[in-house]
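**Student:** Residues per chain are reported as follows:
Protein chains: 2
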Amino acid sequence: MTKPNSAYSELLQNFEKVGHINAAQATLFWESRTYMPQGGAPTRGKVLSTLTGVAAEAMADPRMGDLLSRAEDEEAGSLEDWEAANLREMRRRWQHETAIPVALASRIAEHNSVAQSVWDKARAENDFAAFAPTLQQSWDNACKVAAIKSDAFGVAPYDAMLDEFEPGLTTAAVDPIFDDLASFLPDILQQILAKQAQGPEILPLKGPFPEERQLALSRKLAAMIGFDFHHGRIDSTVHPFASGVPGDVRITTRFEPDDLTAGIMATIHETGHAMYEAGLPADWAFQPVGEARGMALHESQSLLMEMQASRSAEFLPVLFGMMRDEFGDGSEAWSDTNLLAIYRKVGPSFIRVYADEVTYPLHVILRYRIERMVVEGEIKANDLPAVWRDLMVELVGVAPPNDSEGCLQDVHWAAGLLGYFPTYSIGAVTAAQLYAAAREQDPAIDASLARGDFSALVGWTRANVHSQASRFVSSNEVVEAATGRPLSTEAFKQHLTRRYLEE
Amino acid sequence: MTKPNSAYSELLQNFEKVGHINAAQATLFWESRTYMPQGGAPTRGKVLSTLTGVAAEAMADPRMGDLLSRAEDEEAGSLEDWEAANLREMRRRWQHETAIPVALASRIAEHNSVAQSVWDKARAENDFAAFAPTLQQSWDNACKVAAIKSDAFGVAPYDAMLDEFEPGLTTAAVDPIFDDLASFLPDILQQILAKQAQGPEILPLKGPFPEERQLALSRKLAAMIGFDFHHGRIDSTVHPFASGVPGDVRITTRFEPDDLTAGIMATIHETGHAMYEAGLPADWAFQPVGEARGMALHESQSLLMEMQASRSAEFLPVLFGMMRDEFGDGSEAWSDTNLLAIYRKVGPSFIRVYADEVTYPLHVILRYRIERMVVEGEIKANDLPAVWRDLMVELVGVAPPNDSEGCLQDVHWAAGLLGYFPTYSIGAVTAAQLYAAAREQDPAIDASLARGDFSALVGWTRANVHSQASRFVSSNEVVEAATGRPLSTEAFKQHLTRRYLEE
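Chains A and B supply the protein sequences, listed in that same order. Counting in our numbering, the first sequence runs from 1 upward without gaps. Counting in our numbering, the second sequence runs from 1 upward without gaps.
Bear in mind the hints are in silico, worked out from the structure with no lab data behind them. None of the values given here were measured: they were computed from a predicted structure. Hints may contain errors.
Partial list, computed: chain B residues near chain A (C-beta under 10 Å) [what the hints assert, rightly or not]: (1) H20; (2) A41; (3) D235; (4) K345.
Within a straight-line C-alpha distance of at most 30 Å, the following computed DSBU-like cross-link-like pairs (lysine-lysine) qualify [stated by the list, open to error]: (5) A:K17 with B:K17; (6) B:K220 with B:K345; (7) A:K493 with A:K345; (8) B:K206 with B:K345; (9) B:K46 with A:K3; (10) B:K220 with B:K206; (11) A:K206 with A:K46; (12) A:K3 with A:K206; (13) A:K206 with A:K195; (14) B:K195 with B:K345; (15) A:K46 with B:K46; (16) A:K46 with B:K3; (17) B:K380 with B:K144; (18) B:K17 with B:K46; (19) B:K144 with B:K345; (20) A:K17 with B:K46; (21) B:K3 with B:K17; (22) A:K46 with B:K345.
Using N, Cα and C, we set each Cβ at its ideal position, and we do this for glycine too.
Bound-form chain A, shown alone (with noise of 0.2 Å):
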């Protein structure tokens, strides 16, 4: 029991002004991109950025400091488990918040806003040498955070850059996960793609797939998963995504007139990333220990969802029912066997967020050895669209015909995020890892999933996964405790090699 008077209490309280202040944020930031009319948005940025600086200015408090090593040094014994966990991610949020001095931080925020119009134009105009000195700043900004983080912490500059994103997530973890994929990957790409030559031409869908329809169904897949609309919702936006909010979950997504999976397989990646917001603790609302674990993480439960269980030989039959009552034809293209070869087909592309989830993680590989030299300073920004080509030459096996589809495609680097492109893969092979573990322990998920039930697989999810919010140190120790052994790239190898070559 935490006594009203100690010095965790009154960190309990200051962290749980921050956590609102952070629901306010993440609710205005959910509002700018889906109801927000237009002429909002100037009002909507100084909004933002004053509660950015109440939250900042909370945790710079000086009695901070002294609250946190008063509850460590004279309070640590007297707490629960949860509280302890929550004192350990306390301290860390603090170290992070306060590392970074306040005139640095809001001249980069700065740069930034201001890095992402540049890039949205230089993207636009196939421009790269006008965003080039724009993204050197980018990047020596970064370089310059990770250097002071580097003193601060005692880690390397780069494990500090994946540590914002991924706390204890390090180079020494993700270096053999990714060289072992960089050497799977390729070969088994060309074992699929001579396989897939075999198979008959495929056939498209014919749309229109009218938005609202579109959304009905989005509606119902969700509802499916588990999805709850009396604490959350479904909106359409540009760049879909999901935020949480404790009891508040919204989930946006994006439908293509003409590509039908694209809108359904996106709603599905955001609902899982929206049941493990809605998974967390309720007792540990807003305070850092009911958080999500981290980027990674998160983006294992939204392809867990997307790539394991929506895709599996399993679902898809389900899926494809759905599908068919609301905007099928009756001809052979809605037939089971064609809407399989769409959702299994792979192949070499220039866009990442295109991609299918055998060549995914290349361009991830990619962007993860690029920051690598960024940060060990043996490339400059002007160097960046040769050494794009060769890598994509190299691991993806295709040369891009322009900067637009090649080095300008993705907007991270322009929004100062270094360290974050290797969250999307490190959450592949979790998924993967997570999946078989589930499957392995609760043998019904595959049987239940084939009748559009996913409460196993959920109830597996939430009691190994979501419930744990921030509990454990890093994301490994959830993985390693839900499934038995640290993180490693076989189930993911067996998965796609399964799903690819033997179903």
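Here the structure of chain A is known, so what remains is to put chain B in place on it, guided by the hints.
**Tutor:** Frame of chain A, contents of chain B only:
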């Protein structure tokens, strides 16, 4: 020019921060009434309450009083007009925000949130006795706050209540207006009823009128008035309101499937509020001087659109045409004559919010008289049903059949709002005086309204009311500057006489 390191410039920053937080609250409140899933309510409540606390903390910062005194004593001479007005409004806001001890304010906030659900249930069950103790507490709270402000500001307690919603409004100003209306309205009501009894029977408009199409018509009307959808939205809600932050104004409205005029007029009413918010000077955004002057003046802007302009003999034919285009069935019910009779129907009723413009002020005067008695200690909550019935008979001429349609109909007192009701009718009187002055000063207004063109009228209100924001010390000064004379009932009485007895 503001000097960069002056006390005033520091105040600007502090108030801007509070303005941003208030803007966050406004958007989050709007969202809670439009898109928030029901299950999100507990978190939203906590988030809003934390933001209230953050804003209150910023106001209570001990430096604030010093900064205000320094700016007033040492810098007032170097300020521009609007800056001096801003400094005056800063002082006013600071006095109000810091007058009430935080502990009392939060006890009251807690009581109010419970009181509203007690009221809700009591009204649904027509059980005044169940509400009486809660109401007494709400009244006591309001009286306690008024007593504190009365001491602090040297004004009468009820004037302190009025001042909360309409700065500078006093019983000395309200009494002659309400006394005059209380003697004028019952008489004219009888004359109107006698005249209308001789008219042909009113044919009802046959619904249902689908919400989607009512919303489309409402959007057309709002656009016609000048509402800018690049800087705003219209959505459905249960209790319509308008709210604005700089550059982003939201209208909410409500549609009854069987009552077409209710939804249309609610939209026009809220559009009037929205135009005021949208017309506040962008350069004064987030500062006290940049806010709407008061609730009575705000109401005058909604009623100027709803009651004066939109129901004018000039505009109604345009409106009738639009209604027919969307919903008309060619029958006699949709003729100009019948639609006019619907729009001009007057009569005593029990419920304030459904009252016509002739009887509405009588409902308000009743509440004003009761509030005065409460503050004078002349009645207790238990006396309310009897007092209410007697005053209804005296003023409106009918006795409510039960308390739900009597003294339980309004949420205001349960929400802790005493001194608010008068603003509705001061607003109506103000609307009439402003509209008369506008037509006098710009004779083109009538002809343009007859073409469905509101630009001349809105140009006048923007110049004379909206753009003034809180530059003047009171709404009465705004009215006097705009119309050349202090507020009086003259224009309102002429308006009713002309519309209901002469036109």
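**Student:** Compare the distance between the alpha carbons of K380 of chain B and K144 of chain B with 30 Å, and conclude whether the hinted pair is satisfied.
**Tutor:** holds (15 Å)
**Student:** Between K220 of chain B and K206 of chain B, is the straight-line Cα distance small enough, at 30 Å or below?
**Tutor:** Distance of about 22 Å is within 30 Å: holds.
**Student:** Keeping to a limit of 30 Å between CA atoms, is the pair of K17 of chain A and K46 of chain B held or broken?
**Tutor:** OK: K17 of chain A and K46 of chain B at ~9 Å, within 30 Å.
**Student:** Could you grab the alpha-carbon distance between K493 of chain A and K345 of chain A and see if it respects the 30 Å cut-off?
**Tutor:** holds (17 Å)
**Student:** How about A41 of chain B: closest beta carbon in chain A under 10 Å, or not?
**Tutor:** holds (8 Å)
**Student:** Between K195 of chain B and K345 of chain B, does the CA-CA distance stay at or below 30 Å?
**Tutor:** holds (11 Å)
**Student:** Are K144 of chain B and K345 of chain B close enough, with their CA atoms no more than 30 Å apart?
**Tutor:** violated (42 Å)
**Student:** Could you grab the alpha-carbon distance between K206 of chain B and K345 of chain B and see if it respects the 30 Å cut-off?
**Tutor:** holds (17 Å)
**Student:** Mind checking the alpha carbons of K46 of chain B and K3 of chain A for me, to see if they're no more than 30 Å apart?
**Tutor:** Holds, because 23 Å separates the two Cα atoms, which is no more than 30 Å.
**Student:** Starting from K206 of chain A, check that the Cα of K195 of chain A is at most 30 Å away, please.
**Tutor:** Status holds; Cα separation ~26 Å.
**Student:** Would the hint linking K17 of chain B and K46 of chain B be met if the CA-CA limit is 30 Å?
**Tutor:** holds (20 Å)
**Student:** Does the alpha-carbon distance linking K206 of chain A and K46 of chain A stay inside the 30 Å limit?
**Tutor:** Not OK: K206 of chain A and K46 of chain A at ~45 Å, beyond 30 Å, violated.
Violation of the numbered hints given earlier is confined to hints 4, 11, 12, 19, 22; the remaining hints are satisfied by the structure.
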